[in-house]
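Asks: The sequence shown begins at 6 in this note's numbering and counts up by one.
Mixed in with the good hints, there may be bad ones.
Here are the computed lysine-lysine pairs in the PhoX-like style, where the Cα-Cα straight-line distance is at most 20 Å [to be verified]: (1) Lys46 x Lys14; (2) Lys87 x Lys14; (3) Lys98 x Lys108; (4) Lys176 x Lys14; (5) Lys46 x Lys177; (6) Lys68 x Lys46; (7) Lys82 x Lys72; (8) Lys87 x Lys72; (9) Lys98 x Lys82; (10) Lys14 x Lys108.
Using C-beta positions, here's what the derived DEER-type ranges look like [said to hold, decoys possible]: (11) His20 x Lys100: 37 to 47 Å; (12) Lys100 x Glu17: 38 to 48 Å; (13) Val153 x Glu110: 43 to 53 Å; (14) Thr124 x Ser182: 25 to 35 Å; (15) Lys67 x His12: 39 to 49 Å; (16) Gln125 x Pro181: 18 to 28 Å; (17) Pro181 x Thr124: 15 to 25 Å; (18) Glu193 x Lys100: 30 to 40 Å; (19) Asp54 x Val97: 18 to 28 Å; (20) Ser148 x His20: 16 to 26 Å; (21) His20 x Ala160: 18 to 28 Å; (22) Lys100 x Phe167: 30 to 40 Å; (23) Gln125 x Lys98: 29 to 39 Å.
No lab work stands behind these hints: they were computed from the structure. Here the structure is a predicted model, which is why all the values come from computation and not from measurement. C-beta: ideal position from N, C-alpha, C; glycine also.
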Amino acid sequence: MNCEVCHLKELEVEHFQIREVLRCILHTIVFHRALGLVRPKDVELGLFDITYVQCGDVELEKKIDEKIDHFISWVEKHPNKKSQICLSFYEVKNKQASWFTNKTERLYWEEWYINLNVTQHPRAHLGKSHHSKKVVDPGESESEERSVRRAALEASIQEVMFQIIKFVNEKKDHVPSISESIIYFPYEISIPSSSDSTFGMDIFKRMLQTGHPTMLS
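Full structure from sequences and hints, please.
Replies: See the structure below:
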């Protein structure tokens with residue numbers, strides 16, 4: 006089975022923005038891959054002028070928030086480092102048991118890579134102009150800089166959301182058929198572990214299971 010892969014545009018975020026950004030992206034992907042009856046719920050971001058849609062499933066929201074908590078904990082231990090989250094959809098197939106394999110296996114058919122560059126911006130310094138005795142207000146300068154960064158990130162998030170919708174609309178042939186009683190495809194969210202090599206090995210194992218992935222940036 007071929008696995009379709011989408012690498013989303015890298016977003017430069019500050020620590021306090023991580024939770025809202027990830028909620029927006031993860032829920033947008035899951036909503037557009039949902040099946041059957043869902044209860045769409047519009048959610049307005051508090052930090053940005055953006056509205057996205059959730060499936061209205063409490064358990065789904067809980068699972069996503071738990072993964073975001075784990076990711077934030079990882080970021081706090083690895084500051085100023087680019088990172089990646091992988092949201093994968095798969096189907097479970099029964100296979101003949103042997104000494105070395107389980108009775109079931111996961112066949113990954115779609116992977117979404119969310120790329121974040123978590124940065125820390127230094128605060129402006131208080132000082133005086135060389136040509137006057139006027140005190141430079143650091144709050145005003147810092148506020149302007151943060152406003153510019155916020156506007157740039159908001160535009161980038163919107164680009165990512167359009168990228169998600171474009172991918173979902175164009176890539177349909179690989180989506181497996183399932184029974185009408187299922188609302189969500191089985192999925193998993195992978196975050197970096199204490200060892201980056203562990204995260205890389207997990208992705209490599211999936212490639213071996215699903216075959217060479219089809220890439221879309």
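Asks: All hints are to be evaluated individually against the structure, with a verdict given for each.
Replies: Right, here's what the structure says about each hint:
For the proposed pair Lys46 and Lys14, the alpha carbon gap of about 25 Å is over 20 Å, so the pair is violated. Distance restraint check for Lys87 and Lys14: the Cα-Cα separation of roughly 13 Å lies within the 20 Å cut-off, and the hinted pair is therefore satisfied. Among the hinted pairs, Lys98 with Lys108 is consistent with the structure: their alpha-carbon atoms are about 8 Å apart, no more than 20 Å. Straight-line distance between C-alpha atoms of Lys176 and Lys14 comes to about 18 Å, which keeps the hinted pair within the 20 Å bound.
Only pairs whose Cα atoms come within 20 Å are accepted, and Lys46 paired with Lys177 is rejected, the gap being roughly 24 Å. With a C-alpha separation of about 17 Å, the suggested pair Lys68 and Lys46 falls inside the 20 Å cut-off, and the hint holds. The straight-line distance between the Cα atoms of Lys82 and Lys72 is roughly 16 Å, inside the 20 Å bound, and the hint therefore holds. Of the supplied pair hints, the one linking Lys87 and Lys72 holds, its CA atoms being roughly 17 Å apart against a limit of 20 Å.
The suggested pairing of Lys98 with Lys82 is violated, with an alpha-carbon distance near 37 Å, which exceeds 20 Å. Between the alpha carbons of Lys14 and Lys108 the distance comes to roughly 38 Å, so the proposed pair goes past 20 Å and is violated. In this structure the hint that His20 and Lys100 lie 37 to 47 Å apart at CB holds, the actual value being about 43 Å. A hinted range of 38 to 48 Å holds for the C-beta pair Lys100 and Glu17, which are about 43 Å apart.
Between Val153 and Glu110 the Cβ separation comes to about 49 Å, which falls inside the hinted range of 43 to 53 Å. For Thr124 and Ser182, the hinted distance range of 25 to 35 Å is not satisfied, since their beta carbons lie about 43 Å from each other. For Lys67 and His12, the hinted distance range of 39 to 49 Å is not satisfied, since their beta carbons lie about 27 Å from each other. Between Gln125 and Pro181 the Cβ separation comes to about 42 Å, which falls outside the hinted range of 18 to 28 Å.
Taken as a hint, the range 15 to 25 Å is violated for the pair Pro181 and Thr124, whose Cβ atoms sit roughly 39 Å apart. For the pair Glu193 and Lys100, the supplied restraint of 30 to 40 Å is violated, since their beta-carbon distance comes to about 19 Å. Restraint check, Asp54 to Val97: a C-beta distance of roughly 40 Å breaks the suggested window 18 to 28 Å. In this structure the hint that Ser148 and His20 lie 16 to 26 Å apart at CB holds, the actual value being about 18 Å.
Checked against the given bound of 18 to 28 Å, the beta carbons of His20 and Ala160, roughly 20 Å apart, stay inside it. For the hinted restraint 30 to 40 Å between Lys100 and Phe167, the CB-CB distance of approximately 39 Å keeps it satisfied. Separated by about 45 Å at the C-beta atoms, Gln125 and Lys98 break the suggested range of 29 to 39 Å.
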